[in-house]
Amino acid sequence: GAVVSQHPSWVICKSGTSVKIECRSLDFQATTMFWYRQFPKQSLMLMATSNEGSKATYEQGVEKDKFLINHASLTLSTLTVTSAHPEDSSFYICSARVPSKNIQYFGAGTRLSVL
Amino acid sequence: RKEVEQDPGPFNVPEGATVAFNCTYSNSASQSFFWYRQDCRKEPKLLMSVYSSGNEDGRFTAQLNRASQYISLLIRDSKLSDSATYLCVAGGAQKLVFGQGTRLTINP
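Residue numbers (my numbering), protein chains in the order written: chain A, 1 to 115; chain B, 1 to 108.
Incorrect hints may have been included.
Said to hold, decoys possible - Per label pair, the in silico range of CB-to-CB distance: (1) B:Pro14 - A:Lys66: 43 to 53 Å; (2) B:Asn55 - A:Leu26: 40 to 50 Å; (3) A:Pro99 - B:Asp57: 17 to 27 Å; (4) A:Leu26 - B:Thr105: 31 to 41 Å; (5) A:Gln42 - B:Lys45: 10 to 20 Å.
Just so you know, the hints here were simulated from the structure itself, not pulled from any lab data. Remember, it's a predicted structure, so these values are computed and weren't measured experimentally. All C-beta atoms, glycine included, are put in the ideal place defined by N, C-alpha and C.
Make the full structure from the sequences, and use the hints.
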């Protein structure tokens with residue numbers, strides 16, 4: 001399958017700081033990437049769809065000013081959690097859709113812990 | 001009602017058993033269907049796509065019934081390494097919706 005790299009894999013930060021997570025498609029160009037969040041023992045919840053060269057599309061209830069998404073190239077999307085709080089602690093996972101297919105391949109995820 | 005519903009389990013079965021998972025989806029406009037597996041504290045990995053004609057990959061068989069909006073996964077001759085959470089996925093061109101997952105544990 002296609003390779004998607006996500007970095008960092010683990011972040012511990014203080015409340016009020018901002019955290020940037022990177023998602024890269026390594027062997028294909030992804031015009032569309034997705035950002036999910038997963039709380040323990042729950043399913044993946046789509047936060048936003050990241051479109052290369054345009055604004056991200058956010059799901060209902062997700063604050064776009066808190067979760068900043070940038071998709072500046074065909075292989076890189078970034079998610080910045082601004083002014084993180086303990087309730088933002090979660091497993092954040094990105095995925096990239098393979099062009100011409102509707103299959104998503106996932107990055108390894110970023111475990112965020114906000115103290 | 002959740003858009004994609006699965007029995008959360010857990011399913012505990014002995015090694016070698018056959019296991020069946022079911023899933024229903026509510027959006028009749030869904031066009032793409034998949035099963036992913038997710039190991040503890042890891043990202044989901046694509047197990048197989050699901051087609052109306054049914055498809056098989058080794059010990060795994062997936063079926064789709066569009067009329068009843070029902071997806072199934074059958075695992076034959078289960079192995080210890082099959083222990084994971086299995087995610088049912090339905091979606092269209094814009095996004096995929098994941099079920100909450102069914103947790104499976106294969107016991108020696």
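- With 17 to 27 Å as the target window, see if proline 99 of chain A and aspartate 57 of chain B comply at their CB atoms. With Cβ atoms ~23 Å apart, the hint holds.
- Query: Regarding leucine 26 of chain A and threonine 105 of chain B, is the given constraint of 31 to 41 Å on their beta-carbon distance met?
  - Reply: Distance hint for leucine 26 of chain A, threonine 105 of chain B holds at roughly 33 Å.
- Query: How does the Cβ-Cβ distance of proline 14 of chain B and lysine 66 of chain A compare with 43 to 53 Å: does it lie in that range?
  - Reply: 47 Å, holds
- Message: Taking the Cβ atom of glutamine 42 of chain A and the Cβ atom of lysine 45 of chain B, is their distance within the range 10 to 20 Å?
- Response: 18 Å, holds
- Query: So the hint says 40 to 50 Å: do the beta-carbon atoms of asparagine 55 of chain B and leucine 26 of chain A match that?
  - Reply: Given about 27 Å between the Cβ atoms, the range is violated.
Hint violations for this structure: number 2 only, all remaining hints satisfied.
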